[in-house]
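There are 2 protein chains.
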Amino acid sequence: MRLRVDPLPLPELAFADVVLVVDVIRATTTAACFLEAGAEALYLTSSLETARAFKDQDVVLAGEEGGLRPPGFDLGNSPREALEAPVGGRTVVMSTTNGTRAAHLAAKTAKHVLLASLFNAHAAARKALELATEEVAILCAGKEGRVGLDDLYTAGVLAEYLLLMREMSPEDGARIALTLKRAYPDPLEPLSLSAAAQALKGVGLEADVPFCAQVAQSSAVPILSGRVGEALIFKRAGKAS
Amino acid sequence: MRLRVDPLPLPELAFADVVLVVDVIRATTTAACFLEAGAEALYLTSSLETARAFKDQDVVLAGEEGGLRPPGFDLGNSPREALEAPVGGRTVVMSTTNGTRAAHLAAKTAKHVLLASLFNAHAAARKALELATEEVAILCAGKEGRVGLDDLYTAGVLAEYLLLMREMSPEDGARIALTLKRAYPDPLEPLSLSAAAQALKGVGLEADVPFCAQVAQSSAVPILSGRVGEALIFKRAGKAS
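Going down the list, the protein sequences come from chains A and B.
Residue 1 is where the first sequence starts when you use this note's numbering, and the numbers rise one by one after that.
Residue 1001 is where the second sequence starts when you use this note's numbering, and the numbers rise one by one after that.
Because the hints were derived from the structure by calculation, they are not lab data.
Here the structure is a predicted model, which is why all the values come from computation and not from measurement.
A hint or two may mislead.
[Said to hold, decoys possible] Just a few of them, taken from the derived set where beta-carbon distance is under 10 Å, the chain A residues facing chain B: (1) Pro9; (2) Lys55; (3) Asp56; (4) Gly66; (5) Arg146; (6) Gly148; (7) Leu149; (8) Asp150; (9) Tyr161; (10) Gly173; (11) Pro185; (12) Leu188; (13) Leu193; (14) Ser194; (15) Ala196.
Backbone N, C-alpha and C fix where the C-beta goes; we use that ideal spot for every residue, glycine too.
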């Protein structure tokens, strides 16, 4: 079984099997939180316009523009807010920049696409191994085409859990992510240093960073289950055996 | 002064100032070796066909296809071979895959493009600081769109030298590269573990790996000096003051 980490969503990447998409600050953390709060489905859209087109349906619109809630949206992209949101049984349409782009790239070729974060790290790693037959790839979203310390660190945490549970062959990206993970005993440190955290600080949302740094708090793993138009539909994966 | 490391040549990247392009196994190591051997100029071409079009001129054709010397070429892409090659005063046309792609991307927007490796690491770092006014970026070539442990480690070595000489602000990629550098005391270890080294082993050229792991053996730094057609012309940078 191969273990692979891609630090950035290069358009030419192709995936053979299972992909764990990581945008730890904040999209993939928030996605797990919406499922924890009881959402029935998440629609991931790559633009605010596509998200707004769902407005007439009975959905909750969540997303961000420069870190903040876009005009006309019900919610922003804060995981703290998502966990408390009254979304039980409802569909949440999420529009975010980097995480959505990575998820769409993975969805082009992968057999299974899961959304992973520190918050659901144990459950996501277990589910990936349950599904994989030849490869687990961890695809980091980065931030506007630049590598993210937060995402690659999280990939290292996931890689370490995967290697604990299964003998796997790590390639270059996985070795880099593991080295990073082992260099930072406290997840809050690499997350706080990242450009993503600095940007949140700029808009007064820095309290989301320690939330995203919590490890293995949720068993909710969003798994790609279909499409509606260009939106990707994620639902809660069945409990890993 | 900003210090930036990009682990992969994403097509959308733009550069403001100085870029150090790194393809340590083997293109940027070999480039320094050709200059050490007295070559007057290096032409970097992105395809074997473009390189072959120079054949009628008085040039030396060097390059690789699957690691080996392509048919009709004078030399392969081995730095050991380059250092001993009779290229004094001549132009060497180099066609390689990943390093050339990264150099062409950097050349689109950067003010200055240098080719860096462990072999010329001290000289390349000094020259970058001599030229830079706002940012030094280290652009890793990777291998067919995948991140390379060898290149990102080398970026970490360069980043450490740069930070020693100048107070700079490292962003996410630079922090990752520095962490990697500090985790491996012996450069031969990360280089040997890389996919690039494994591929060389597959074609019997593994002796190039310890050569590429030598640090600061050369003061020859190739600097972008012009273009001929789509080929980039590199010459030896003047001695850093």
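Checked hints:
Interface restraint check: Pro9/A against chain B, minimum CB-CB distance 9 Å, threshold 10 Å, status holds. The interface hint given for Lys55/A is violated, since its Cβ lies 30 Å from the closest Cβ of chain B, which is over the 10 Å cut-off. Among the interface hints, the one on Asp56/A is violated; its C-beta lies about 34 Å from the nearest C-beta in chain B, farther than the 10 Å criterion. The beta carbon of Gly66/A comes no nearer than 19 Å to any beta carbon in chain B, farther than 10 Å, and the hint placing it at the interface is violated.
Below 10 Å, beta-carbon pairs count as interface contacts, and Arg146/A has one with chain B at about 7 Å; its hint therefore holds. Satisfaction of the interface hint for Gly148/A is found here, the shortest Cβ-Cβ separation to chain B being roughly 6 Å, below the 10 Å cut-off. Residue-level restraint check for Leu149/A holds (minimum Cβ-Cβ distance to chain B is 4 Å; threshold 10 Å). For Asp150/A, the suggested interface contact is upheld, since its CB lies about 8 Å from the closest CB of chain B, less than 10 Å.
A distance limit of 10 Å between C-beta atoms decides the matter here; for Tyr161/A the minimum to chain B is near 20 Å, and the interface restraint is violated. For Gly173/A, the interface hint holds, since its Cβ comes within 10 Å of a Cβ in chain B; the closest pair sits about 5 Å apart. Proximity of Pro185/A to chain B is violated relative to the hint, the smallest CB-CB distance being about 13 Å (cut-off 10 Å). Taken as an interface hint, Leu188/A does not check out: its beta carbon lies about 15 Å from the nearest beta carbon of chain B, beyond 10 Å.
The closest approach between the C-beta of Leu193/A and any C-beta of chain B is roughly 6 Å, which is under the 10 Å cut-off, so the hint is satisfied. The restraint placing Ser194/A at the interface with chain B holds, with a minimum CB-CB distance near 6 Å, inside the 10 Å limit. This hint holds: Ala196/A has a C-beta 8 Å from the nearest C-beta of chain B, less than the 10 Å allowed.
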